[in-house]
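Participant: Here's the letter readout for the chains.
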Amino acid sequence: MKGGRVGSILIALDRARARRVGQPGQRLTPLINQVALYVLLALGAVGVCVALPRKGVNPQPIGALLAAGAGGLVMLLLGLAGPEHLPNIYFYVFGAIALGGALRVITHPKPVYAALYFILTILASAGLFVLLAAEFMAFALVIVYAGAILITYLFVIMLATQSPTEEEADRLEDYDAVAREPVAATASGFVLLGVLTTMLFGGVKTLPAGAAGARPEAARDALLARMPGKVESVLRTEGVLKDGEFVDRGGSAVDAAAGTITITDAKGGTRVLPRDQWPERLSVRNIEGVGFDLLADHPGAIEIAGVILLMAMLGAVVLARKQVQLDEEAKARHAARLAGGLTDPASAGAGGAGA
Amino acid sequence: MMHLLAQANPPAPMHAVTLGHYLFVSAAMFAIGLIGFVSRRNLIIMFLCTELMFQAAGIALIAFSRFHLNHTGETFVIFVLTVAAAEAAMALALVVLLFRRRESLSGEEWASMKG
Numbered sequence: 001m002k003g004g005r006v007g008s009i010l011i012a013l014d015r016a017r018a019r020r021v022g023q024p025g026q027r028l029t030p031l032i033n034q035v036a037l038y039v040l041l042a043l044g045a046v047g048v049c050v051a052l053p054r055k056g057v058n059p060q061p062i063g064a065l066l067a068a069g070a071g072g073l074v075m076l077l078l079g080l081a082g083p084e085h086l087p088n089i090y091f092y093v094f095g096a097i098a099l100g101g102a103l104r105v106i107t108h109p110k111p112v113y114a115a116l117y118f119i120l121t122i123l124a125s126a127g128l129f130v131l132l133a134a135e136f137m138a139f140a141l142v143i144v145y146a147g148a149i150l151i152t153y154l155f156v157i158m159l160a161t162q163s164p165t166e167e168e169a170d171r172l173e174d175y176d177a178v179a180r181e182p183v184a185a186t187a188s189g190f191v192l193l194g195v196l197t198t199m200l201f202g203g204v205k206t207l208p209a210g211a212a213g214a215r216p217e218a219a220r221d222a223l224l225a226r227m228p229g230k231v232e233s234v235l236r237t238e239g240v241l242k243d244g245e246f247v248d249r250g251g252s253a254v255d256a257a258a259g260t261i262t263i264t265d266a267k268g269g270t271r272v273l274p275r276d277q278w279p280e281r282l283s284v285r286n287i288e289g290v291g292f293d294l295l296a297d298h299p300g301a302i303e304i305a306g307v308i309l310l311m312a313m314l315g316a317v318v319l320a321r322k323q324v325q326l327d328e329e330a331k332a333r334h335a336a337r338l339a340g341g342l343t344d345p346a347s348a349g350a351g352g353a354g355a
Numbered sequence: 001m002m003h004l005l006a007q008a009n010p011p012a013p014m015h016a017v018t019l020g021h022y023l024f025v026s027a028a029m030f031a032i033g034l035i036g037f038v039s040r041r042n043l044i045i046m047f048l049c050t051e052l053m054f055q056a057a058g059i060a061l062i063a064f065s066r067f068h069l070n071h072t073g074e075t076f077v078i079f080v081l082t083v084a085a086a087e088a089a090m091a092l093a094l095v096v097l098l099f100r101r102r103e104s105l106s107g108e109e110w111a112s113m114k115g
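Sequence lines, in order, name chains A and B. Residue numbering for the first sequence follows the numbering used here, starting at 1 and increasing by one per position. Residue numbering for the second sequence follows the numbering used here, starting at 1 and increasing by one per position.
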């Protein structure tokens, strides 16, 4: 009785979901065998756990190899699922570099090298962005992340480390050399990854057929309709416009719905250029698309982003001003420590030996 | 190559199978960042791991933006970058401050703050 009611509720929910989604395409069969996926994730977890820094014997390369092997096998199995839709080979190159760099960020005991490996990860992700036809974001990522944020990190790492003494030039701090709870951390991380991948690989749907071809054209034309100046300059360089002809910038010269461009000549007469006569170069670039989406469609958000950056700058300045007072405190503490060290014969002896 | 970059034609729609590949890279990078955040004890590396997680979210956003053939995902990554930059400025100022107080970058130095 109860089971039947639950079942009918589930069926109703499923129907409601099907109605909401509106039949965009059939559900894919799970991309990868669930058992193989979980075995590989467990293998990767063991690898990452072994690769985390620890005292004594350090089998880091073995762990890294294990994790890399598991990740690579997942990728290969993904490829087996749909050989006709494989991403191109650069995806595998950049993906492997990005994940390998990320693994090294969390396993390298020295912070400076961790930051450098993070730059490697950023560069590889920029490569992935280019593959995804997002050139502007790829360049912005390299400039902002690798160029600005990571350099700040490097500066802080160098500011905030004790200067090494001569005999222990590459001594590691204890908090760098030993990871905290590696087993629990890896287990929780890979449980999360398992859940995420199960959702991803079981729940993705194919793109709707039919609409797929029409959509970029319609979006492109709608954007072109907002850029009559660009349309005119492209038409002029392609030789479509004759002397004295122009594209009217005030009115709706580009009609996205009808797929026509109205060209005005010097005497005020017009002629219409249908879509199949548009030159090949008349298209929206990635930067133009992002620019319109950012500045025309989300003007409020960019103001808020500016305020956030301003507040962060103010906050950093306020924190930095506090340092002056702290310096006084630190000086007093230093003085106290020095005085204590002078009266303490053991540390005074150690200081003398060091000098 | 320039021709390829400048996209003379709108990109072809991406298939769901390929979307899965990018989402796997994103999820794996997020998990690695999470593991690092929980297990490393150096404050600076912990913040680097949060940046790693931001980055993973960015890859997922751009992959979806490409999948649906609109630019909103890319726009959102710009805001993710903004927040990451603001967070880095504040966090690093705090790290320098904390380092001056205890002469150590260990997160456990500040365990008494958990109350």
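Hint data in this document are derived by calculation from the structure and do not stem from the laboratory. It cannot be assumed that every hint is accurate.
To be verified - Now the in silico label distances, taken between C-beta atoms and shown as ranges:
(1) B/PRO11 - A/VAL318: 37 to 47 Å
(2) B/SER112 - A/LYS331: 39 to 49 Å
(3) B/PRO11 - A/ARG180: 22 to 32 Å
(4) A/ARG54 - B/ARG101: 22 to 32 Å
To be verified - Partial chain A-side listing against chain B, Cβ under 7 Å, derived:
(5) PRO87
(6) TYR90
(7) GLY95
(8) ILE97
(9) ALA114
(10) SER125
(11) THR152
(12) ALA179
(13) ARG249
To be verified - Here are a few chain B residues that sit away from chain A, every Cβ distance over 10 Å (derived from the structure):
(14) ARG66
(15) SER112
(16) MET113
Ideal placement from N, C-alpha and C gives every residue a C-beta, glycine not left out.
Participant: Now tell me, hint by hint, if it's right for this structure.
Facilitator: Here's how the hints hold up against the structure:
1. At about 45 Å, the beta-carbon gap between B/PRO11 and A/VAL318 stays in the expected band of 37 to 47 Å.
2. For B/SER112 paired with A/LYS331, a C-beta distance near 24 Å fails the hint of 39 to 49 Å.
3. B/PRO11 and A/ARG180 have their C-beta atoms about 44 Å apart, which leaves the hinted 22 to 32 Å range violated.
4. Taken as a hint, the range 22 to 32 Å holds for the pair A/ARG54 and B/ARG101, whose Cβ atoms sit roughly 28 Å apart.
5. Interface restraint check: A/PRO87 against chain B, minimum CB-CB distance 5 Å, threshold 7 Å, status holds.
6. At a threshold of 7 Å, the smallest CB-CB gap from A/TYR90 to chain B is about 12 Å, leaving the interface hint violated.
7. Taking 7 Å as the C-beta cut-off, the interface hint given for A/GLY95 holds, the closest approach to chain B being about 5 Å.
8. Using the Cβ-Cβ criterion of 7 Å, the hint placing A/ILE97 at the interface with chain B is not satisfied: the shortest such distance is roughly 11 Å.
9. At a threshold of 7 Å, the smallest CB-CB gap from A/ALA114 to chain B is about 5 Å, leaving the interface hint in force.
10. Taking 7 Å as the C-beta contact cut-off toward chain B, the hint placing A/SER125 at the interface holds, the least distance being around 6 Å.
11. The closest approach between the C-beta of A/THR152 and any C-beta of chain B is roughly 6 Å, which is under the 7 Å cut-off, so the hint is satisfied.
12. Nearest Cβ of chain B to the Cβ of A/ALA179: about 4 Å, under the 7 Å cut. The hint holds.
13. About 23 Å separates the beta-carbon of A/ARG249 from the nearest beta-carbon of chain B, more than 7 Å, and the hint is not met.
14. B/ARG66, annotated as away from the interface, has a beta carbon of chain A within 10 Å; the closest lies near 4 Å.
15. Non-interface call for B/SER112 relative to chain A: holds, since the shortest CB-CB distance, roughly 16 Å, exceeds 10 Å.
16. Remark: the non-interface label on B/MET113 is consistent with the geometry, its nearest Cβ contact in chain A lying 16 Å away (cut-off 10 Å).
When held up to the earlier numbered hints, the structure conflicts with 2, 3, 6, 8, 13 and 14 and fits the remainder.
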